[in-house]
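**Q** Residue strings, one per chain:
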Amino acid sequence: MTRNDIILEARGLKRRFVTHKPLFGKPTEVRAVDGVDLQVRRGETLAIVGESGCGKSTLARLLVRLIEPSGGTVHYEGREIGALGDAAMRGLRRDLQFIFQDPFASLNPRMTVGALIEEPLRAHGIGDAAARRDQAAQMLTRVGLSPRHADRYPHEFSGGQRQRIGIARALACGPKVVIGDEPVSALDVSIQAQVVNLLEDLKQEFELTLIVIAHDLSVIRHMADRVAVMYLGQLVEIARTEDLFRAPRHPYTEALLAAIPLPQYGARKVKVSIEGDPPDPIAPPPGCRFHTRCPYAIAACQTDRPALRDLEPGHSVACLRAEELDLTGTADAERSHNPATERRFRLYREARHEELQSTPT
Amino acid sequence: MTPDAPPLLEVRNLSIRVANARSNLVDDVSFSLQPGRTLCIVGESGCGKSQTALALMGLLASPPLSVTGGTALFNGRDLLSLPQAEKQRIRGDRMAMIFQEPMSSLNPVLRIGEQIAEAVRRHRGVSNSVARARALEMLEKVRIPAAGKRLDEFPHQLSGGMRQRAMIAMALANDPELLLADEPTTALDVTIQAQILDLMRTLQAELGTAMILITHDLGVVAEMADEVAVMYAGRIVEIGATQDIFDDPQHPYTIGLMSSMPALGRRSERLVTIPGRVPSATDMPDGCRFASRCPFRIGICARTPELSNPGGSHRVACWRAPIEETYLQPQEAQPA
Numbered sequence: 121m122t123r124n125d126i127i128l129e130a131r132g133l134k135r136r137f138v139t140h141k142p143l144f145g146k147p148t149e150v151r152a153v154d155g156v157d158l159q160v161r162r163g164e165t166l167a168i169v170g171e172s173g174c175g176k177s178t179l180a181r182l183l184v185r186l187i188e189p190s191g192g193t194v195h196y197e198g199r200e201i202g203a204l205g206d207a208a209m210r211g212l213r214r215d216l217q218f219i220f221q222d223p224f225a226s227l228n229p230r231m232t233v234g235a236l237i238e239e240p241l242r243a244h245g246i247g248d249a250a251a252r253r254d255q256a257a258q259m260l261t262r263v264g265l266s267p268r269h270a271d272r273y274p275h276e277f278s279g280g281q282r283q284r285i286g287i288a289r290a291l292a293c294g295p296k297v298v299i300g301d302e303p304v305s306a307l308d309v310s311i312q313a314q315v316v317n318l319l320e321d322l323k324q325e326f327e328l329t330l331i332v333i334a335h336d337l338s339v340i341r342h343m344a345d346r347v348a349v350m351y352l353g354q355l356v357e358i359a360r361t362e363d364l365f366r367a368p369r370h371p372y373t374e375a376l377l378a379a380i381p382l383p384q385y386g387a388r389k390v391k392v393s394i395e396g397d398p399p400d401p402i403a404p405p406p407g408c409r410f411h412t413r414c415p416y417a418i419a420a421c422q423t424d425r426p427a428l429r430d431l432e433p434g435h436s437v438a439c440l441r442a443e444e445l446d447l448t449g450t451a452d453a454e455r456s457h458n459p460a461t462e463r464r465f466r467l468y469r470e471a472r473h474e475e476l477q478s479t480p481t
Numbered sequence: 353m354t355p356d357a358p359p360l361l362e363v364r365n366l367s368i369r370v371a372n373a374r375s376n377l378v379d380d381v382s383f384s385l386q387p388g389r390t391l392c393i394v395g396e397s398g399c400g401k402s403q404t405a406l407a408l409m410g411l412l413a414s415p416p417l418s419v420t421g422g423t424a425l426f427n428g429r430d431l432l433s434l435p436q437a438e439k440q441r442i443r444g445d446r447m448a449m450i451f452q453e454p455m456s457s458l459n460p461v462l463r464i465g466e467q468i469a470e471a472v473r474r475h476r477g478v479s480n481s482v483a484r485a486r487a488l489e490m491l492e493k494v495r496i497p498a499a500g501k502r503l504d505e506f507p508h509q510l511s512g513g514m515r516q517r518a519m520i521a522m523a524l525a526n527d528p529e530l531l532l533a534d535e536p537t538t539a540l541d542v543t544i545q546a547q548i549l550d551l552m553r554t555l556q557a558e559l560g561t562a563m564i565l566i567t568h569d570l571g572v573v574a575e576m577a578d579e580v581a582v583m584y585a586g587r588i589v590e591i592g593a594t595q596d597i598f599d600d601p602q603h604p605y606t607i608g609l610m611s612s613m614p615a616l617g618r619r620s621e622r623l624v625t626i627p628g629r630v631p632s633a634t635d636m637p638d639g640c641r642f643a644s645r646c647p648f649r650i651g652i653c654a655r656t657p658e659l660s661n662p663g664g665s666h667r668v669a670c671w672r673a674p675i676e677e678t679y680l681q682p683q684e685a686q687p688a
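Chains A and B are the protein sequences, given in the same order.
The opening position of the first sequence corresponds to residue 121 in my numbering, with each subsequent residue numbered one higher.
The opening position of the second sequence corresponds to residue 353 in my numbering, with each subsequent residue numbered one higher.
The hints are simulated quantities; they were obtained by calculation from the structure and are not laboratory data.
Treat the hints with caution; some may be incorrect.
As the list claims (entries may be wrong) - Covered stretches of chain B, going by a simulated chain A footprint (3 or more residues, C-beta under 8 Å):
#1 542 to 551
#2 556 to 570
#3 585 to 599
#4 625 to 638
Unchecked claim - What follows is a list of derived Cβ distance ranges for each label pair:
#5 B:A498 with A:A420: 26 to 36 Å
#6 B:T420 with A:E188: 54 to 64 Å
#7 B:D638 with A:D206: 15 to 25 Å
#8 B:D527 with A:R131: 53 to 63 Å
#9 A:G198 with B:S397: 51 to 61 Å
#10 A:T148 with B:S397: 30 to 40 Å
#11 A:F137 with B:S397: 24 to 34 Å
#12 B:F506 with A:E188: 34 to 44 Å
Even for Gly, the Cβ is constructed at its ideal location relative to N, Cα and C.
Next comes chain B alone, as it looks inside the complex (with noise of 0.2 Å):
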């Protein structure tokens, strides 16, 4: 990465809050991305990296959902404060985004070809008949057997992966430049999964569409991100490249999540757990979030922590970390 290029989005600040709540439902969200660069949102439910995708989208569930705060620069313009027409002249064009359900996002009564026409004629100006030939174009791209056929076809004549493969196709029929994927291939089994992951990648690497993926499954990250934000209760805890996340997990909430995964390679012992459960979207802790459930809370965790540099682009928001300087000598940990 050339730290000088120009991000393609820069997200500042980004807030949501449910109406009426006391704190904020994602809290000063802020992120970059690199053309063609995959950046991975990892969380459990309720972590609010859904919202986050659906907030740069301009698709939020608003009421009860409201941005609150920050700014999103996609090639400069801020998506957050775009006026309504304009956010749909970017969104489905150079901006599209798949989700995890692919039968409730396709509609059930338009041919497969005609979903995927109807993008490229919106956005391109185009005739039926060149629409339909890009979406043709787009359903051999993506590795559906017998394409043309399928263009006639409706979504529920289709089997989970194929219908996934299709949203794929109507995502990139514009050649966008960032893909949204909201949890593409939580639904499917895993060797299908496996064939979705792959053709993402390789159409990522042929199109240099730069890609948010959004997942729970660190698997998958591993398999997919040049670059990690890990998502707690509304925060970004621990962010930087793929490797650092891996090899250098600093927040306790990264530690507990990869100690708690069971190993494929050999059998583990009892399983290591993270106690109790995340907090609800309306009732969020003062301070740090994770504090109540975290091995090595102290005193300061009271207060919230801001992301800080443990090295290169990896930042971490914790007080502690790195835990092996601070537990061994329990004390108070002085703000970074």
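So here's chain A without its partners, still in its complex pose (with noise of 0.2 Å):
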């Protein structure tokens, strides 16, 4: 992989922040992102794994400079983000865009949608107005809503259609990285999947690079080419896709993996293979941070911290004991349906497709 591969990235990035600032004494301090080192390529899916609290919104908003480090550097394009100046910044936000989960907040009830969607356009003096709203009934036609809803407020559309506005939005002044922050975690099944297939055209058809930060690991291990587990703070695998699912290497993960449940009658029940909460994130444990949950922890879990190292090329973990212990992945996880259940989803499809040819959207 030369450099010129890499689109973005983070070398020993952190953040800190001060919950409780008494008037003598220490301020307490939670290190949401300690030392997170990654590399985005260019024209990847990247996600971003880990449950509340684990600082994956904390890393998506560094990586794209909304908030500042604490310390560590963001490269894009090779140049260090936290260098430059205001004018420089601003010129940079035309190619790092962001998407919120909560469609229903991240948009300005008070303007239209039209006016939404130019606004960045208008923010980096592309085209004239004419041109902008030209390039604002567009995008709102690539993104499956129509040129017409330009003139209304966001609050006259359904949570599906606001996060496709939120996508338009992001998407106006053509991007070279999108963030996208639990895009379609407040949506509806079937919603959903309208906006995962939406956000892979786009990707493809705008050649983006896309980082996902999500907790729902269908949707990731249907959109990402590569997953970043992160745990506390840390990451604490980096592997393809494929082999993370199929060959987790961290404990953290493979519980992860264990605790979804399939939606399938017969298919294997959730596992609880660790016990009780995270621990408070403001006074991590010594060691290995997962080790006060880990099921297979060891005396030197509890003392020695465990780096982020390659076991294979593209597969890293930071597990001491990664080479010996044998995890499960989620490969055998689902049995087919039976031939005449797969029959009707054929059906469906076949049906959807027919559909979609005779009335185009």
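Take each chain as given, in its own frame, and dock them per the hints.
**A** Okay, structure coming up:
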């Protein structure tokens, strides 16, 4: 891999938040992101997964400098974005865009949809008023809405449609990297599939690099080329999606996969391999941060902090016991449907396909 | 399941309407539940699954919502027509409910132990110390670590998973025969969800409580259900044993829902979708409510299909089910 394949890179990235500041004495800090090294390859879809409070949203915001790091650097196309001045950073925002989780909270309710989509164009001085209006109309069509929606307000739309508006807004100024922070998790299952397909189409069409933050591992399985697993502010495993799901090498990844209920009768039941809640991120445990919940922990795990290291090319893991453990993935988790059910699924697919052919949306 | 045993709960033709709406929000919903069994009601936002449970508990937001028809026999007595005092006697005692967000259903200014003891005192008329002992016993039963200490803590001092455990402890404190659980694990992380599902299953086996579990997650359904009711836009479109629903899905909505979920074991190609969106509660379409989104719709779908029987206890409300018999030779299907 040449340097040129890396579009975005984090080195030793850290972010602390002060949670409590007494009049005297030391403030209480939470280290939300605590030393993350991550390389994002041009054109890939990279997923960052982990449970609430693991720092994945903070990491996403650091990667596009929506918040400032407490330590470490982020390089975009070889340039350190933390060193850029305001004007240069503003120029760069055109390349780095964000899609938020909650389509109800992330759109200004007092702006029309057209104005919302034109806003980033205006901010970057792209085109004149007429050209921007055209561009907004085009974007609306592209995300499956209609140009006549431009004069309406966000509250007139459903959750799925609002997320489409959020996507149109993020893509209007032609970004190179788009970060989606739980872009589909607020949506119903049937709508979720629509938006996932849309994101994949647009990624292809606009040649985007996509970073997706999510907690739903089946959506990740579908969308991502590579997956990074986070636990208490640190990356514990990074691998190609296939490899991570088939043969996870970190006990936390194994536990996450085992906890997913499968939508099939007679499939394996969820396994409670880790008990209790994650430890308080204000006072993370010494050694490996996962050792307090890890079923495979040995004495060394309580004191030695494992670094993220390459087990094989493209598969990194931060676990002292990675070589000796034989962990279970999801390869055999599902059974195939019976032929009659398969046939119905196929008929549904065909009927949908036919419908799409006859009525272009 | 022995078909002869009298059901614990028998809901017949339950309808709920929003004031001034032209059609029912929950329309003609019927199902029954045997003692100790789990029925999952699955559907997307606005399908009426939560309103159904709230109506059974007598907790419907009324006005604007009101029950416009039907009965719900619980141990032979109609929950929907009970006087208020009688309802209060049953609620929290013979039947109890847990909700998605435990933080908003626990009283933030009452200690955990006090909240559980209150339910026990109220229904059993026992002394404070007996009620408190019961609260402690329940917290231990739901495997809250250091239960004795948690008894005197406030809800905000507990994590999300712990709060949901406390809610379960409170709901089960009087050994109810029926537990209604509305998306009890949706707000939780997947590893915590696994713990709570496991806990609910264990307690149910131990106490013999019947359960109505409301969820949007087909994974949770496969994990927990004995029987499944699929709801769409206020109606049950398909109902049957869990294996029937997963291995012999008949309604196009059920089939579409299952097809649109990405698989975990292998990478799927492009996701199959259900086009459009759920109709709004105040403007339900006539006839089959799924028709406008259904790739198999035909003329007759303008009429409302009844739940009919493809086999066993499995019933489906679709003119065209089973689809492989009607779709290949497109023609007007005859009503069953």
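**Q** Please go over all the hints and tell whether each is borne out by the structure.
**A** Right, here's what the structure says about each hint:
| no. | hint | result |
| --- | --- | --- |
| 1 | 542 to 551 | holds (count 8) |
| 2 | 556 to 570 | holds (count 3) |
| 3 | 585 to 599 | holds (count 5) |
| 4 | 625 to 638 | holds (count 5) |
| 5 | B:A498 with A:A420: 26 to 36 Å | holds (28 Å) |
| 6 | B:T420 with A:E188: 54 to 64 Å | holds (57 Å) |
| 7 | B:D638 with A:D206: 15 to 25 Å | violated (58 Å) |
| 8 | B:D527 with A:R131: 53 to 63 Å | holds (58 Å) |
| 9 | A:G198 with B:S397: 51 to 61 Å | violated (45 Å) |
| 10 | A:T148 with B:S397: 30 to 40 Å | holds (38 Å) |
| 11 | A:F137 with B:S397: 24 to 34 Å | holds (33 Å) |
| 12 | B:F506 with A:E188: 34 to 44 Å | holds (35 Å) |
Violated hints for the displayed structure, listed by number in ascending order: 7, 9.
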